Amino acid sequence: MEKGLTVRRIVIAGVLGAIAILLGVTRLGYIPVPTAAGNATIMHIPAVIGGIMEGWGVGMIIGLIFGVSSFLNATVPLFKDPLVAILPRLFIGVTAYFTYVGLKNINEYFAIGAAGFIGAMTNTILVLGMAVIRGYMTFGVAATVALTSGLPEAIVSVIVTLAVVAAWKNLVKAGKQKSKISG
Amino acid sequence: MMSAEFELSRNITIGQYLPTDSVVHRLDPRFKLAAFVVMILAIAICGTYVGNLFALAICIAMFWVSKIPLHYGLSGVKPAIPFIIILATLQLLFYGEIARGGTVYFQYGFVTISSESVRLVLVSAMRFVEVIFLSSVLTLSTSTTELTHGMERLLGPLQKVKFPVHAFALIITIAIRFVPTFAMEMEKMMKAQASRGADFGTGEWWRIIRRTKDMLPIIIPLFNVALARAEDLILAMEARCYMPGASRTQYTHYKANGKDYAALIISIIISVIMLYIPW
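First to last, the protein sequences are chains B and Z.
For the first sequence, the numbering used here gives the first residue as 270, with consecutive numbering after it.
For the second sequence, the numbering used here gives the first residue as 1331, with consecutive numbering after it.
These aren't lab readings, by the way, just hints derived from the structure by calculation.
Mixed in with the good hints there might be a few duds.
Claimed, not checked - Here are the simulated DMTMM-like pairs of lysine to aspartate or glutamate, each with C-alpha atoms no more than 25 Å apart in a straight line:
(1) Lys-438/B with Asp-1590/Z
(2) Lys-1543/Z with Asp-1562/Z
(3) Lys-438/B with Glu-1515/Z
(4) Lys-1585/Z with Asp-1351/Z
(5) Lys-1543/Z with Glu-1561/Z
(6) Lys-1518/Z with Asp-1529/Z
(7) Lys-438/B with Glu-1482/Z
(8) Lys-1521/Z with Asp-1544/Z
(9) Lys-1397/Z with Asp-1351/Z
(10) Lys-1492/Z with Glu-1482/Z
(11) Lys-438/B with Asp-1562/Z
(12) Lys-1397/Z with Asp-1544/Z
Said to hold, decoys possible - Pulled from the structure, derived: some chain Z residues nowhere near chain B, Cβ distances all over 10 Å:
(13) His-1355
(14) Leu-1386
(15) Thr-1419
(16) Thr-1469
(17) Leu-1485
(18) Gly-1486
(19) Pro-1487
(20) Ile-1502
(21) Lys-1518
(22) Arg-1526
(23) Ile-1550
(24) Lys-1589
(25) Ile-1595
Predicted model, so just to flag it, every value in this text is computed and none were measured.
Glycine included, C-beta positions come from ideal geometry on N, C-alpha and C.
Could you put together the complete structure from these sequences and hints?
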């Protein structure tokens, strides 16, 4: 992979960022669950996929887009705080990338799945952690939410990440990638 | 109204711009963004009653100054009111132990209501409304192009520390540009799946696993379509010899005038007042 922001990385960051925004604005990214958080989300998945496919820079940028979109579209007062909505989301793609890179040599599919899981858990833990630090919920409530909606979110994340990245990597290997200049 | 579930494009309100040609509309977007950030930070920090009431009054005044009808802001707040009430009640009842300090009004078992917890609850609610109002004014008075340009110019100095400002602005532009496109794709896919008998959105709200499983045939193709379009765009950009990081001149130029500086200074003064009111 070339260093820095290639055309490929710019476009993929933009496109996955668009999906993150779309899932939030159309409420498709929310699955209502009966916990204090109100919704389980799949909106972190573009950040995870971007991190795995194009590196931690892209993952961080998509996380930022996700965070700002979440901040602007929030109905729950919890997410109207930029430190809770934006700051933790920066790390979703980063942890996903490092998990993937670290485990890549063991087994590609396992690495992708693990990255999906870790990325989702990063989102859950850091956001809830910031919520507790900023005083929006007690530690007990946060821990409950982490388990009841965090774990299902992580599982869904693994499924979607595996499906999308595995399909995409196969395409790249088979040379169906259209532009040969960058990436 | 089944079709309403499929009509996603109606909900895309990014860049909802209301051209009313007010003073605020004509301000330089860089200054608007800077003023916005300053005030948001002040709101996030300020924890006093009077400070927040003052901020609330200013936010409402902003609607008047920018000639935007207040109901745009209220329509942002309206869907959140049930959440505010529930969260406020929960915080009030169960949060008392954490927010130590202040006089305790009521104590029974683990329920503690003190003046601190009341303050926290009211201030959170006010903060929430203020942020919604302020961001509504910003997005309603500034078109997305202006916002992206403004952000790009503001971050410009970061270029010196190798932060890829132009690439970043381009990413945002691409993202915003593709949102309506993907909404349409998604709508097409949902209708296509439904016409072949797929069954989503009809699971009861509590059947979480079922609803999640139903979303998978939509989400995964959405990513595939998006990435296919990404490949097209990458090819197109490179075929036109786009070099990221090359130095570029800019098409639109923004000249700052007195009004812009005045707006920024006013927002700083407001923030300082907000933070130094002691109640």
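Cross-check of the supplied hints:
For the given pair, Lys-438/B sits about 49 Å from Asp-1590/Z by alpha-carbon distance, which is inconsistent with the 25 Å threshold. Between Lys-1543/Z and Asp-1562/Z the alpha-carbon distance is near 30 Å, which puts this suggested pair outside the 25 Å criterion. Under the criterion of a C-alpha separation no larger than 25 Å, the hint pairing Lys-438/B with Glu-1515/Z is consistent with the structure, at around 23 Å. Proposed proximity of Lys-1585/Z and Asp-1351/Z is supported: the alpha carbons are some 18 Å apart, at most 25 Å.
Pair hint Lys-1543/Z plus Glu-1561/Z does not hold up; C-alpha atoms about 28 Å apart against a cutoff of 25 Å. For the given pair, Lys-1518/Z sits about 15 Å from Asp-1529/Z by alpha-carbon distance, which is consistent with the 25 Å threshold. For the hint pairing Lys-438/B with Glu-1482/Z, the CA-to-CA distance comes to about 33 Å; that exceeds 25 Å, so the pair is violated. Restraint check: the Cα-Cα separation between Lys-1521/Z and Asp-1544/Z comes to about 14 Å, which is no more than 25 Å; the hinted pair holds.
Simply put, Lys-1397/Z and Asp-1351/Z have alpha-carbon atoms about 8 Å apart, close enough for the 25 Å limit, and the pair holds. Restraint check for Lys-1492/Z and Glu-1482/Z: satisfied, since their Cα atoms lie roughly 14 Å apart, inside the 25 Å limit. Between Lys-438/B and Asp-1562/Z the CA atoms are separated by roughly 17 Å; this keeps the pair inside 25 Å, and the hint holds. Between Lys-1397/Z and Asp-1544/Z, the direct Cα distance comes to roughly 44 Å. Violation of the 25 Å bound is thereby established for this hinted pair.
Interface exclusion of His-1355/Z from chain B stands, the closest Cβ pair being 19 Å apart, more than 10 Å. The claim that Leu-1386/Z is not at the interface with chain B holds, since no C-beta of that chain comes within 10 Å of its own (minimum 14 Å). With a minimum CB-CB distance of about 12 Å to chain B, Thr-1419/Z clears the 10 Å threshold, and the non-interface call stands. The beta carbon of Thr-1469/Z is not kept farther than 10 Å from every beta carbon of chain B, the shortest such distance being approximately 8 Å.
Look at Leu-1485/Z: its CB is around 12 Å from the nearest CB on chain B, clear of 10 Å, so calling it non-interface holds up. With 10 Å as the threshold on Cβ separation, the claim that Gly-1486/Z sits away from chain B holds: the shortest Cβ distance comes to roughly 16 Å. Taking the minimum C-beta to C-beta distance to chain B, about 18 Å, the non-interface status of Pro-1487/Z holds against the 10 Å cut. The beta carbon of Ile-1502/Z sits about 7 Å from the closest Cβ of chain B, which is not more than 10 Å, so the claim that it is off the interface is violated.
With a minimum CB-CB distance of about 14 Å to chain B, Lys-1518/Z clears the 10 Å threshold, and the non-interface call stands. Here Arg-1526/Z stays apart from chain B, with its beta-carbon at least about 19 Å from theirs, past the 10 Å limit. For Ile-1550/Z, the requirement that its beta carbon stay farther than 10 Å from each beta carbon of chain B is not met, with the minimum near 5 Å. Non-interface call for Lys-1589/Z relative to chain B: holds, since the shortest CB-CB distance, roughly 26 Å, exceeds 10 Å.
No Cβ of chain B approaches the Cβ of Ile-1595/Z within 10 Å, the least distance being about 23 Å, so the stated non-interface status holds.
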